[in-house]
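Chemist: Protein chains in written order, with our numbering: chain D, 12 to 402; chain P, 2 to 336; chain X, 4 to 341.
Think of the hints as simulated: they come from the structure by calculation, not from any bench.
Glycine included, every Cβ here is placed at the ideal spot set by N, Cα and C.
Check the hints yourself; a few may be wrong.
[What the hints assert, rightly or not] Lysine-lysine pairs mimicking DSS-like chemistry, simulated, CA-CA at most 25 Å apart:
hint : chain 1 : residue 1 : chain 2 : residue 2
1    : X       : Lys21     : D       : Lys36
2    : D       : Lys36     : D       : Lys60
3    : X       : Lys32     : X       : Lys96
4    : P       : Lys192    : P       : Lys204
5    : P       : Lys262    : P       : Lys204
6    : X       : Lys21     : X       : Lys271
7    : D       : Lys30     : D       : Lys71
8    : P       : Lys330    : P       : Lys262
9    : X       : Lys32     : X       : Lys21
10   : X       : Lys262    : D       : Lys36
11   : P       : Lys192    : P       : Lys52
12   : X       : Lys32     : D       : Lys60
13   : X       : Lys271    : D       : Lys36
14   : X       : Lys65     : D       : Lys36
15   : D       : Lys71     : D       : Lys48
16   : X       : Lys237    : X       : Lys271
17   : X       : Lys21     : D       : Lys30
18   : X       : Lys32     : X       : Lys262
19   : D       : Lys48     : X       : Lys271
20   : D       : Lys60     : D       : Lys30
21   : X       : Lys237    : D       : Lys48
22   : X       : Lys271    : X       : Lys32
[Stated by the list, open to error] Computed from the model, here is a short list of chain X residues facing chain D with C-beta under 7 Å:
hint : residue
23   : Glu35
24   : Gly44
25   : His251
26   : Met253
27   : Phe254
28   : Ala256
29   : Leu258
30   : Asp261
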Amino acid sequence: MPSLGADMEAGTLVEWLVKPGDQVKRGDVVAVVETQKGAIEIEVFEAGKIEQILVGLNTKVAVGTPLARIRTELEGPLGAVTAAPSPAAPAIPLAPPPLVRAPVAPPPPVARGAARARVSPAARRLAETHAIDLSTVTGSGPVGEIIYSDVERRLGQAVAPPEKKRAPWLDLDAMRAAIAAAMARSKREIPHYYLEHQVDVTVCEQWLTQRNATLSPDSRLLIGALTIRAVALAARRFPAFNGFYRDGKFEQAGAVHAGVAIAIRGGGLAAPALHEAYQISVDELMAGMRDLVQRTRAGRIRSSEISDPTITITSLGERGVEALYGIIYPPQVAIVGFGKIVTRPWVVDGAIGPRSVVTITLSADHRVSDGHAGALFLAEIGRLLQEPDKL
Amino acid sequence: MEQVTIQPAVTEITYRDAMREAIRDACRRDERVFLMGEDVGRYGGCYAVSKGLLAEFGPERIRDTPLSESGFTGAGIGAAMAGMRPIVELMTVNFSLLALDQILNNAATVRHMSGNQFGVPLVIRMATGAGRQVAAQHSHSLEGWYAHIPGIKVLAPATVEDARGMLWTALQEPDPVLIFENVMLYNMTGKLAQDAGPVDIDKASVRRPGRDISLITYGGSLWKTLEAAAALAGENIDAEVIDLRSLRPLDDATIMTSVAKTRRAVIVDEGWRSGSLSAEIGMRIVEQAFWELDAPIGRVCSAEVPIPYARHLESAAIPQVPGIVAAAKAALRKS
Amino acid sequence: MPTDKPRLSRDHMLDLLKQMIRIRRFEDKCAELYTQEKIRGFLHLYDGEEAIAVGVIPVLEKRDRIVATYREHGQALVRGVPMTTALAEMYGKQEGCSHGRGGSMHLFDRATNFYGGNAIVGGGLPLSIGLALADRMRGSDIVTTCFFGDGAVAEGEFHETMNLAALWGLPVLFVCENNLYAMGTALALSESETDIQRKAACYRIASETVDGMDVIAVEAAARRAVHAVRESRKPYFLECRTYRLRAHSMFDAQLYRDKAEIEAWRHKDPIVRFQVWLEANHMVHADDLTRIEADVAAEITEAVAFAEAGTWEPVEQLTRFAYADKASEPVSEVLWNK
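Extracted from the complex, chain D is given alone in its bound form (with noise of 0.2 Å):
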């Protein structure tokens, strides 16, 4: 089949103007091809004997297919195929894509003093938002640029990009690192002070017990549900303890976003906000936490849930030990530990008798609150707590 045209890549016979045995000649028009624009004659280059017909009628062919095979006068054995590409056509050499010229190099540098880091958008941004220090921040690009996953690195969790779904894995290392620089960092600026109360919870393991009764058991609730909304509601009185210190100075935080200490297999742990913990009601609440703890398992957590807690509760649960000292996630200013609940002797009205206690501690800035506005805070938590169903 010859080629006819830049763009014809096959063509259909439709018609043969020879059969095997005729006699042709160079220049002879032995076929009718049907092409995209219409019936074109096909000539032969060759002359000989047609010896045999190799390709049918209304049979689309690519170009170079062998066609027929004919008989030249010159040799014995079958001659050469009507229409074949040369068989020893050198190859033309496949052309990269036209050559990109390679950037200019960057202009000789002004002088800048300490050189300036070279910081794309978007990671400028991030920090700023989370008030990195970018001198602390190592840039991962080619000639040292800071680059947006380079300062979420920083921040102390490798995150998928809002509303982007994560591989659902994983890098342990690269979260235990990121949680190394912002202990680090926390212990290192934050003047922590230490509160602990002991609590009685029997009334709310009672109603708990009363209302678990009548909800499905992936609906029950559990006791963190009722110690998050307790801390969410006294963040909201007394607001020393929920927002942001940053840039020399506490700013509050309008909402109550509460962080909540989750541990991941593998040793991982990440502490996502509930959103509006002081908005929603228990069950959503529980709802809530039990998302978070499935995706963050899971690794899809949305960076927004990492960089929104403005208060964080820790608990170690059933395995854990009866007092817990958290360290503050920078830019935080307080985190609520609880205990595990355990069964003491207690004065009730007079009397003694076995009640289920936890301890809760509070770990505070320092700079934002003093151990009086902490103890009140503490208080307001206990408080809550003997009233579940105002929660």
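Place chains P and X on chain D using the hints.
Modeler: Below, chains P and X without anything else, positioned relative to chain D:
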């Protein structure tokens, strides 16, 4: 005996007169040079640039043509290929479209198509730009389009010094050079040394050094940009103004050095915004100076509309000083 | 010396015949190579029109200039562009006459003053008057010949060129190869006035029509015309009535013309007609033909070998030739401070 330093005398001259001097000078120095175009001879030139030259050099060298843009531009190309140094004058860029086939398919392409056997040392001059209420078909700024074509060079002299000095250098080029003269500049006066001579045609010029922002422009917009820079200085913003001078090739080095210093750029381009030369310059800044930027690159261009007749509309359609000032302030995050 | 009568010597006749056969066999080989994808892009063959190139070009002097169209293999070969470099050019090899940058439609050759190879219909016309303008301004006696087809006559550039050539008195020989079709559009469907030389006459250009299938007639007319241009320094217009025996290009189903019409014109094939006439006048013998065919075949084989052996230009050199390579360009002799 006192040593006396003789300063070259400086005159005040119009852009038009400077261009005429350039043509006259070229014709005197090189007998291969001749001027060809509509009304360049008897009429003295649509913008009076060639007034008086016919009397001085005669009709063979100051050659009036019929209204055949394609024909006489092609003739200029052929004459250049045969060893002459023609200056083809297309009355305005608006009419150059009739010669676009000759410019692109012949002038820009012959050297390449012939495998370097034939070159086209041709200069084409054209008036360009809006501002005289001559409406949609007479007000184009298509320098950016021409700057898209490999094989030619594109110049935009904006000062009397460049009007005087670019032509000779362009005539020495072995490849076609297009010179765009903004119509609003012809009457402009400036100081010029009496012995002013040829200037380079491949470098941009920093017309006003500054620290806070790079205002990059060419042609008729240069003076508005300088005026905007003066206004910005009054608000404590120190703008650096770059006159591109050559649109193809662009002087990347000067542009990037400036942006590395100021970290902000606004490009002022009288072409229509979409796909204009400002887009090319903006992209080059992204390619070569991304890490220096502290703000998005801005631009002030003509609005997406054929240039209207009514004065206030025409005025609003093309870049003006307040728009340039506003764009600069936006880049500096000030309102 | 009267230059307007062709020399009817046997040698000259055989030379005319050989030139035409040489073009025909070369074009035929190009067709074959194209079907094998050795030649790519567009290919426009000259079959049937050989008498024009062969009749006109040998009349020109070495110093004269030629501008042609994209159907220019015939003109290039007769003018003396080597068959080797012409074919290598069509292969895209850097040994080609345009360094592999142009292909079939852009054969250029400085040594023979061959200014292409122009692919825009009508685009070469303004170029030709420019070349002539330069010669006029320098007072030389060089003649520029511009080949173009009937299709170009519809373009504005044709009219602008005719006007300028006549108005300014430019030494151009315009040769219109009227093969009755502009690609697929018949002349009668394209022009209100199909008598093309009349159009030139309307611009006050001396013009005539000649049978483009008769090489002797073409030569005679060309001698008259070139002489006139060289002496008068005014343009001349020669309309050569001819026919394209092959399609417009390789990829053309020829839906626009009758097989019967093609057959009728095939009977007027310039080579066959001339050969028959020569045989009848005992100016050519069988062994002349054998020798001619053998010479031509050998030259073509050599050209194919040359093209096949040619090399590809390195991709790194891609952007060469957009602009002059300053290092190798001669500095302009006219300095500023002269």
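Chemist: Evaluate each hint against the coordinates.
Modeler: Now for the hints, and whether the structure bears them out:
no. : hint                : in the structure
1   : X:Lys21 x D:Lys36   : holds (22 Å)
2   : D:Lys36 x D:Lys60   : holds (9 Å)
3   : X:Lys32 x X:Lys96   : holds (17 Å)
4   : P:Lys192 x P:Lys204 : holds (21 Å)
5   : P:Lys262 x P:Lys204 : holds (18 Å)
6   : X:Lys21 x X:Lys271  : holds (18 Å)
7   : D:Lys30 x D:Lys71   : holds (19 Å)
8   : P:Lys330 x P:Lys262 : holds (17 Å)
9   : X:Lys32 x X:Lys21   : holds (16 Å)
10  : X:Lys262 x D:Lys36  : holds (21 Å)
11  : P:Lys192 x P:Lys52  : holds (21 Å)
12  : X:Lys32 x D:Lys60   : holds (21 Å)
13  : X:Lys271 x D:Lys36  : holds (22 Å)
14  : X:Lys65 x D:Lys36   : violated (39 Å)
15  : D:Lys71 x D:Lys48   : holds (15 Å)
16  : X:Lys237 x X:Lys271 : violated (33 Å)
17  : X:Lys21 x D:Lys30   : violated (35 Å)
18  : X:Lys32 x X:Lys262  : holds (23 Å)
19  : D:Lys48 x X:Lys271  : violated (28 Å)
20  : D:Lys60 x D:Lys30   : holds (9 Å)
21  : X:Lys237 x D:Lys48  : violated (44 Å)
22  : X:Lys271 x X:Lys32  : holds (22 Å)
23  : Glu35               : holds (4 Å)
24  : Gly44               : holds (5 Å)
25  : His251              : violated (11 Å)
26  : Met253              : holds (5 Å)
27  : Phe254              : holds (3 Å)
28  : Ala256              : holds (3 Å)
29  : Leu258              : holds (5 Å)
30  : Asp261              : violated (14 Å)
Consistency with the previously given hints fails for numbers 14, 16, 17, 19, 21, 25 and 30, ordered from lowest to highest.
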